[in-house]
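Chains as they are written, first to last, in our numbering: chain A, 8 to 744; chain B, 1202 to 1374.
These are calculated hints, taken from the structure and not from any lab test.
A virtual CB, placed ideally from N, CA and C, is assigned to each residue, including glycine.
One or more of the hints may lead you astray.
Stated by the list, open to error - If the Cβ cut is set under 10 Å, some of the chain A residues that face chain B in the computed set are: (1) R201; (2) I216; (3) F217; (4) K250; (5) S298; (6) G494; (7) G497; (8) Y498; (9) V659; (10) S660; (11) I693.
Said to hold, decoys possible - Chain A is faced by these chain B residues, among others (derived, beta-carbon under 7 Å): (12) M1202; (13) G1234; (14) Q1243; (15) T1272; (16) I1274; (17) W1289; (18) I1290; (19) C1297; (20) Y1299; (21) G1335; (22) Y1337.
The lines below spell out each chain.
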Amino acid sequence: MSAGASPGIKRRDFLRYSSFGLALSSGGITVLAAAKTAAPANSLNPYVMIHDDGRIVIAAPNPDVGQGVNTALPMIVAEELDADWQDVEVILAPIDASRYGAQFAGGSLSVRNRWDELRQMGAAAREMLLRSAAQQWGVPRVELTTQPSKVLHTPSGRTASFAELVAAATEQPVPADGEVVLKARADYRLLGQRVVNAAAADIVRGRPIFGIDVSVPDMVYATYVKCPQVGGVPKTANLDEVKALPGILDAFIIAGNAGPPSFDLRKSIHVAGGVAIVASNTWVAIKARRSLQVDWDTSAASTDDSRAIEATALSAAGRPTGERDVKRLGDPDSAFAKSSSIVSGVYATDFVSHAQLEPQSCVAHATSTEVEVWTSSQTPGFAQSTLAKLFELPAEAIAVHQIRGGGGFGRRLSNEYVREAAVISKHMGKPVKLQWMREDDMAFDFYRSPAYFGLQAALSETGELTGWRNHVVSVSSDGEEANYGAGYRGYNFPDDVVPNVHISQTMVASKTPTGAWRAPISNVYAFAEQSFLHELAEAAGKDHRDFLMAALGADKWFKPDDLASLNTVRARKAIAAVTQAAGWGRAIPKGRGLGLGFFFSHAGHVAEVAEVSVNADRQVTVHEVWVAADLGQIVNLSGAENQFQGSIVDGVSALADQRISIRSGAIEQTNFHQYPLLRLPQSPKINVEFLASDYPPSGAGEPALPPVAPAICNAVFNACGERIRSLPISRAGFKVV
Amino acid sequence: MQININGKAHDLSGADPDMPLLWALRDLLGLVGAKYGCGVAQCGACTVWLDDIPVRSCQLPLGAITGREVTTIEGLAGDALHPVQEAWIAHDVAQCGYCQAGQIMSAAALLKRNPNPSLEAIEGAMAGNICRCGTYTRIVDAIQTASTRLQGLSFYEVGQEVAERQTDGGVSV
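This is chain B alone, in the form it adopts within the complex (with noise of 0.2 Å):
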């Protein structure tokens, strides 16, 4: 099984292929951004793109996914900052933090394919994603200031921005 994450490939010939995505970045590869919450696809912490269409890797079989792109938060923008991240810490967004790897993957993919989305669409992009800690007037606010930042840009253009930019957290806004 060869599935590519993140740009390279991986050989998980030896895994289980049974075994869901979300256990094999975590347990296999050390990629462990994707978070564990509920196992049946309920909550959205082990949210990941699969192709840029954003999945539960909790629900998703190694076996199924061979020879797919699989984008996780630590491969969205490597030590740079996308900006939709750059937004969740500009709003401070997190309480405890724990859902929004898979919170900002739903909302990069939702820009990705609509940067100029309506509340409605924000709603309907992000349903799928429990902040257990209630952050999603934040949440919403962020996705907003994002998507300002990222009208008329192409993705490409997206992409140089945020490797230009290598900026650290822990500042007053």
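Just chain A, same shape as in the assembly (with noise of 0.2 Å):
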């Protein structure tokens, strides 16, 4: 790293964390390049490599951007594979769709996708090292078996190592899906215990795992300024001036394209026009910025107003039905017609950015025949073939590696930045390292868009709810797709759970990037049906854990065999469960509340308590959460409570004051200080049940953020009786303390 400057790091750490014992150290481009192709010693199959001193390889597929599954994934490997975890070194595939499928993480889909595949893959190594000991030993496969990372014949009490059997493995046939039988639940021994992060030791130690540490030789240090009205383009600059500043080595424009970048994550060869500062290192790059000026033309840009979008919206959303149906199930017009009473609220949320703490870097070096990217992406894949597009170059001639990034939530799904730093390399004719500011994170993002939902229940006379209908303001750039805010969910709540019911959708112009934020569509859907659950069931006069019970309607799986879709009996589980914990029915002090939510996203059924007191000065306490979910099987025990804990805070910090306004098409906050995030004196104690289950294994990234909202606003209700409709919470007065 940093040519050898830094004696702290030693080149074995980064080997763990890098592509199959590639070096970028000492490696560079062109050893990276080459050993691509070239299968490592000792490899069993893509995921399994071990080391003649016993060390057991495993790589792990996907980006982990903090939610663990470069821990979570090599678990399943290891569990069949029925590896020692203290044998295992974790270490980052390389980006290969031939070898490894779909490189992502996003969906919470890595674990749900990767099941089948990866328990496979270490039962298929399995397979061939006993294979191996039973030729080896003259004894039939039959009489073998493994414990953690050697094989066993018991009858005579003989034992090799998985290392000392290798060798001779690697020449067994690769046995065929149905030829290996997976280990019977009752017999792991890893997966759903508690599992240390594979990178912790790493992390602690401040060592250079992230995107951000990238360091290749002759690497130059880029920043990069885009026209703050999104979509603009420089016209002239003062370059000049610039480039006679210390330190620096070149600025120029790049003309790009005109308009805003688009969230197509497959498509979009979207480089926005802007100004290319290259220096020595980052701060000359950074302070250069203080003295440039650019003149930037805006006939394309967005001149978006947020006041002005929502407004539109609002006024649409007080109206029963919206431009188009979604769905119309039952009679809703004569189940209203003929209802005892009718309850109407209009929900609305705000623009939120994805503020990940690590800003968007990458590494590039791009020539006229190659290029290659060290990044953090959600989607190296897309990396690999939007870059292709835009260079007119065969996929083979890109180059990706992954890199841990300081955090995802959906911003690293696109690869914007990542096209960014190989225009600005290509022009250098060198390695270059693009460094956004913090600022350029915030005025770049692509936004949850905002969402605005006029809903209204029909009630019978014993307060049964008969009626649903939901006007869905979405905001959208063509007039045709909702932006990810407020799109439409099937098989869940309240189709076919709700007898009569009218969806209906409104669409606002917006021209300002949105995409997706930390469980999309789910994370607006959640705070409006939730809360407005809430208010039926006090409009019916009925405890809500009761009305939210009987409004899931009868026991039912939406789609059976499909994990996406809503199981209402798996729903009444950890609403029952949760409410228990919390002790839901328990006397109350005066200007404190419980409040409840529940919410199916990501194949996950996930029901939250919230304990609030709100004070005469609106400041709200959030004292504790729990949470109780069916994800199914549990992979990593430590890793899933981990992320059930940040989605909690997650959710307290966007609903405290997380918005992002807007104004002449410009982001209007810079930083942390006009974008607050969640600390730790604010941050509850939260108590996380996951209910034993068979189910496969679902992620746990995101289906915990959902109910985190409506539970928080019920408490709020409960302990003060206002009803928050909008969020952030503090456009109402309240501040979270």
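Got two chains here, separate frames each, mind docking them using the hints?
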């Protein structure tokens, strides 16, 4: 790293999180590119390599941006391989679809999508070791078994370590899927246990494992200045003045594409126009921004005003139905006509930014024939394909290396900063590290778009929910697709649960770039629907828990065998468990309240109860949050619990005071002083319970987030009698303390 | 400009005196444990010690710290583990891990001046370090564990203990 300037960093340490034994520090670009296709010795398959000294190397296929999959996915392989976890060394797999399929971090899908594949890979490698031992010892395969990291012949007591057997095992044919028997759950040694993050020892020592830490020989440092009015492009700039500053290697205009960037992850090759400043180190580049003056062409730029968007949307959401029908079930009009009472409420959420703690950065080396990038992208495969398209090169000419990312939350799904780095590198003819400033990150995000819900419910004389109308007002850049904030989710409440349902939609135009933010779509629906259900319980004079249980209707799995569809049995179990844990129904002092929220998303059934107090100054203290979830089997108990704790904190953080506002196409917030993240003293006590479950595992990164906002807002209502229908709650004068 | 970092003198005379310590550490010296998060002393990811006081290195120009002692995460215990780092592993604190070097520097500084901090003292000392992943519960637990270990030991003894132990992570707890 840094041309070997740092005595504190040992080469070996970086190898652990590099690609199959490839060193960034000494290898450089040629070695990396050449070694890309070489299969390492003692590899039993793309995931398992065993060294002579006993180390068992397991490749982690998907990017880790904090969701823990660099631990969880190798654990699955290790379990079926029967590896002793103490012997396991995790490395980041190369980006190579031919060996690793789709390598991405999104949708809480890593564990869910790879569960079968990785168990098979571990079991197949184990079988090759067993067959190799059977051959060497001249004993029947059926008499052999494994103990952690070794093969055992029970009748003779003979054993051999995996390391002793691996060389011969590589000669064994790879067993087909049906040929190996996967472990019974009762025989698991590792899965479901608490296992420390595989990167923990490097993280606590501050070792160079993040995208921002990547350094390659001859690398120079770049900053990239874009038009604050999103989609503007540079006409002229005082480049000569900037180039004359000490330490500045170059400053140049990139014409780029006019207009706002697109969130089409597969297709977009958009590079926003701007001015690149390249320097001998990051600080020199940053400082030169103060001297830069740019004349922008804003003719194709966004002119959005978030206040105008909100006014239009709120006015639309006040109407019971929208421009187009999304779903109509039963006979909603007659259900409303026959109802005993109708309850209405309009719910609103704002634009929010991802604010992952590591601002975007990328090291790129682009020549006329090859492009190589080191990136913390959540979609490194798409980085490869969009670079190929942008530079008109074959896919083989693009090498992408995955590097750990300092937080994702959906922000690293797009690869526009990767393309920027590559374009700057090609101009320079050198490897370039592009570093975004925090201000760039906040100004040029793909924001969670705001969502507005005009909700109406019909209640019968006995307080049953008989009809549901939701006029969803979505923000859209093309008038057709909702930009993630409020799209439509199938196989979920209220479809086929409430007898009569009418969901309609109205689009509001916006040019501000929007995209997926943790638990997209669900994070806004959950707030509106689960708060409104509490309103209905109040209107019906019923206990919220009882009302919610009843509102889920009959026992039913919406689409049997599809884990991504609601199962009301699992839902009710989670609600029952969390209310029991929180002591639902207990006496609560004045000024305090318990609130409940449930949501099904990302294959997780998650219920939460929050206990809050509200004082006369509208200060809200979130004392404690209980969460109970059916996530299927748990892979890493410590990791899953950590994701849930973090989701609760994220939920409180977002609902407290996070909002992005836009004036004349430019984002008004610039840094954390205007876009606050929750701090330790505001953080609640959190109790996590995973319900015993035989379903296959699902991802833990997202599903605990959606219920947080409604649970807390319902608790605020129970504490002070005031209904919050708009997020963040600071808009109604509440402050989380 | 001579600055002492992790017990070693570095001559940074060629550097811009306006350069924040953070970028000198990262780009000039290859000490990348301190992280860039905000650049305006809001997040604490860049926390290092200046004469044993935790400071935000993104707001500390080189010209202002000539002759001072800087300790970074790399110098906290070298290849060994400080009890705070050890507790961080035992409690599996990190998610993405980006803020954690800064968190650990703040926590270790707190325990150095107050080996037995109350919850309020922990909250006060850690309020300047943002964890976007939300690992606060575990941060408190880890500080309390480290505190239990450190009580009754002088800082010299802590250093000795650290030097005697060469442990690695990746273990089940």
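Outcome of the hint check:
A cut of 10 Å between beta carbons decides the hint on R201 (chain A): the least distance to chain B is about 6 Å, and the hint holds. With a cut of 10 Å, the hint placing I216 (chain A) at the interface with chain B holds, because the nearest CB-to-CB distance is about 8 Å. For F217 (chain A), the shortest C-beta to C-beta distance to chain B is roughly 6 Å, which falls under 10 Å, so the interface hint holds. Of the supplied interface hints, the one on K250 (chain A) is violated, with its beta-carbon coming no nearer than about 17 Å to a beta-carbon of chain B, more than 10 Å.
Contact between S298 (chain A) and chain B, as hinted, is not supported at the beta carbon level, the nearest pair being about 13 Å apart and thus beyond 10 Å. With its C-beta approaching chain B no nearer than about 25 Å, G494 (chain A) sits outside the 10 Å limit, and its interface hint is violated. Hint on G497 (chain A) is violated. Least Cβ distance to chain B is approximately 30 Å, over the 10 Å limit. Evaluation of the Y498 (chain A) hint against chain B yields a violated restraint, the C-beta minimum of about 29 Å exceeding 10 Å.
The criterion of a C-beta within 10 Å of any C-beta in chain B is met by V659 (chain A), whose closest approach is roughly 8 Å, and the hint holds. Hint status for S660 (chain A) relative to chain B: holds, with the closest Cβ pair at about 7 Å, below 10 Å. The interface hint given for I693 (chain A) holds, since its Cβ lies 6 Å from the closest Cβ of chain B, which is under the 10 Å cut-off. With a least beta-carbon distance of about 14 Å to chain A, the hint placing M1202 (chain B) at the interface is violated under the 7 Å criterion.
Annotation: interface hint on G1234 (chain B) holds; nearest CB of chain A at approximately 2 Å, less than 7 Å. At a threshold of 7 Å, the smallest CB-CB gap from Q1243 (chain B) to chain A is about 4 Å, leaving the interface hint in force. Taking 7 Å as the C-beta cut-off, the interface hint given for T1272 (chain B) is violated, the closest approach to chain A being about 12 Å. The interface hint given for I1274 (chain B) is met, as the beta carbon of that residue sits about 3 Å from the closest beta carbon of chain A, less than 7 Å.
Checking W1289 (chain B) against chain A by beta carbon gives a least distance of about 5 Å; that is within 7 Å, so the hint holds. With a least beta-carbon distance of about 5 Å to chain A, the hint placing I1290 (chain B) at the interface is held under the 7 Å criterion. Contact between C1297 (chain B) and chain A, as hinted, is supported at the beta carbon level, the nearest pair being about 3 Å apart and thus within 7 Å. With a least beta-carbon distance of about 3 Å to chain A, the hint placing Y1299 (chain B) at the interface is held under the 7 Å criterion.
Against a cut-off of 7 Å between C-beta atoms, the interface hint on G1335 (chain B) holds, since the closest Cβ of chain A lies about 3 Å away. Proximity of Y1337 (chain B) to chain A holds as hinted, the smallest CB-CB distance being about 4 Å (cut-off 7 Å).
Against the hints set out earlier in the document, violations occur for numbers 4, 5, 6, 7, 8, 12, 15.
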